[in-house]
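The whole structure should be built from the sequences, with the hints applied where relevant.
2 protein chains.
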Amino acid sequence: MEPPPNFEMVDVGIYRSGFPDPSNFDFLDSLKLRSIVYLCPEKYPEANVGYLRSRRIRLFHLGTDGNKEPFMTIPKDLINNALSVLLDIRNHPVLIHCKRGKHRTGSLVGCFRKLQNWCLSSVFEEYQRFAGAKSRIADLKYIEMFDVTSIRQCLLGIIYQYHHTCGSQVRRLAYQERS
Amino acid sequence: MEPPPNFEMVDVGIYRSGFPDPSNFDFLDSLKLRSIVYLCPEKYPEANVGYLRSRRIRLFHLGTDGNKEPFMTIPKDLINNALSVLLDIRNHPVLIHCKRGKHRTGSLVGCFRKLQNWCLSSVFEEYQRFAGAKSRIADLKYIEMFDVTSIRQCLLGIIYQYHHTCGSQVRRLAYQERS
Numbered sequence: 001m002e003p004p005p006n007f008e009m010v011d012v013g014i015y016r017s018g019f020p021d022p023s024n025f026d027f028l029d030s031l032k033l034r035s036i037v038y039l040c041p042e043k044y045p046e047a048n049v050g051y052l053r054s055r056r057i058r059l060f061h062l063g064t065d066g067n068k069e070p071f072m073t074i075p076k077d078l079i080n081n082a083l084s085v086l087l088d089i090r091n092h093p094v095l096i097h098c099k100r101g102k103h104r105t106g107s108l109v110g111c112f113r114k115l116q117n118w119c120l121s122s123v124f125e126e127y128q129r130f131a132g133a134k135s136r137i138a139d140l141k142y143i144e145m146f147d148v149t150s151i152r153q154c155l156l157g158i159i160y161q162y163h164h165t166c167g168s169q170v171r172r173l174a175y176q177e178r179s
Numbered sequence: 001m002e003p004p005p006n007f008e009m010v011d012v013g014i015y016r017s018g019f020p021d022p023s024n025f026d027f028l029d030s031l032k033l034r035s036i037v038y039l040c041p042e043k044y045p046e047a048n049v050g051y052l053r054s055r056r057i058r059l060f061h062l063g064t065d066g067n068k069e070p071f072m073t074i075p076k077d078l079i080n081n082a083l084s085v086l087l088d089i090r091n092h093p094v095l096i097h098c099k100r101g102k103h104r105t106g107s108l109v110g111c112f113r114k115l116q117n118w119c120l121s122s123v124f125e126e127y128q129r130f131a132g133a134k135s136r137i138a139d140l141k142y143i144e145m146f147d148v149t150s151i152r153q154c155l156l157g158i159i160y161q162y163h164h165t166c167g168s169q170v171r172r173l174a175y176q177e178r179s
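Listed in order, the protein sequences are those of chains A and B. For the first sequence, counting from 1, position 132 maps to 132 in UniProt numbering; every step adds exactly one. For the second sequence, counting from 1, position 124 maps to 124 in UniProt numbering; every step adds exactly one.
The hints are simulated quantities; they were obtained by calculation from the structure and are not laboratory data. Mixed in with the good hints, there may be bad ones.
[As the list claims (entries may be wrong)] Keeping only pairs whose Cα atoms sit at most 27 angstroms apart, straight-line, the calculated DSSO-like set for lysine-lysine is:
hint	chain 1	residue 1	chain 2	residue 2
1	A	99	A	134
2	B	32	B	134
3	B	76	B	114
4	B	32	B	141
5	A	134	A	76
6	A	134	B	134
7	B	32	A	32
8	A	43	A	134
9	A	141	A	99
10	B	114	A	32
11	A	68	A	32
12	A	114	B	99
13	B	76	B	43
14	A	114	B	32
15	A	99	B	114
16	A	99	A	114
17	B	114	B	134
18	A	76	A	99
Note that this is a predicted model, so its numbers are computed, not measured.
Structure, rendered in structure tokens:
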């Protein structure tokens, strides 16, 4: 089994990676994905569209060129939409991917970690682990500046709870103010 | 919340990291750990022992100096014992850690990925992501040479199944020959 490049589990029901190609489809089958968040602006390749169709996996195509100094950043609406997808367990298990699984995926996961109340140094450490030598200061700034309060407000309407309500696996995100 | 250094989720119910200190205890609480696999030979620190006791977390102390060229390797029995702990869901959620979460933890996770039938290049990619510049050829050799067949035989007696038997979350490891 061959996972896509830069593959890892982010949290229960949420995975991240670089671009999957047909050699990764067997592995993706093992994840029993319900949806994919695809962050590049380019059209999704035919082979991947066919795979998703055959497995009834929903594609959330939220394309962006990423954070590039000095003037280009991931639009706020796009990141909020992506987070709403991630936080809605009806979409789980979900795979986030861009091209390399470093910058756009890393920025989105960074914002997700802020929602989970991770301290910034730990968020950055994780970002660096995946970006390696390709780490971008523009992404780190973006993550730092990301406003958790506004998305929390947006998300109040979403009832969020992990599937896993059995035994010790019960976990909720810290922002779940409604319970 | 401050996760321990090099923290990541390996799979449902399995986490990895470097050495947690008291500043990480709040975060560990959020994982609702049932056990810890500790891979250093040194005595577990008082503060950590106290934390585990207060949370009724079981400590599996499987100490090793790791793989060091030319003659020192992680004993086969130790790695098999550690894998047995990881694969027994009664121990989940479980955190694996050593000092830095790079070499000993990386070797154990590498062997675990082989059990999951990951191809070697993906196993190595993941190892490198956590080890970074400190990557050790001795660990890569150890992972490559690790004999999956023998541990599979040992594990046949363990009925292995993830907690999460609800909906699309049903996942079993590929070696589960009994079902």
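Here's how the hints hold up against the structure:
1. A:99 - A:134: The hint holds at about 13 angstroms.
2. B:32 - B:134: violated, 31 angstroms
3. B:76 - B:114: holds, 15 angstroms
4. B:32 - B:141: violated, 34 angstroms
5. A:134 - A:76: Holds - the C-alpha atoms of residue 76 of chain A and residue 134 of chain A are around 23 angstroms apart, at most 27 angstroms.
6. A:134 - B:134: Answer holds: residue 134 of chain A to residue 134 of chain B is near 18 angstroms, not above 27 angstroms.
7. B:32 - A:32: holds, 25 angstroms
8. A:43 - A:134: holds, 24 angstroms
9. A:141 - A:99: holds, 21 angstroms
10. B:114 - A:32: holds, 20 angstroms
11. A:68 - A:32: violated, 34 angstroms
12. A:114 - B:99: This hinted pair holds, its Cα atoms lying about 26 angstroms apart.
13. B:76 - B:43: holds, 21 angstroms
14. A:114 - B:32: holds, 20 angstroms
15. A:99 - B:114: Holds: residue 99 of chain A and residue 114 of chain B sit about 26 angstroms apart, inside 27 angstroms.
16. A:99 - A:114: Satisfied, since the Cα-Cα distance of roughly 23 angstroms is no more than 27 angstroms.
17. B:114 - B:134: holds, 22 angstroms
18. A:76 - A:99: Cα-Cα ~20 angstroms, so holds.
In this structure, the hints that do not hold are numbers 2, 4, 11, in rising order.
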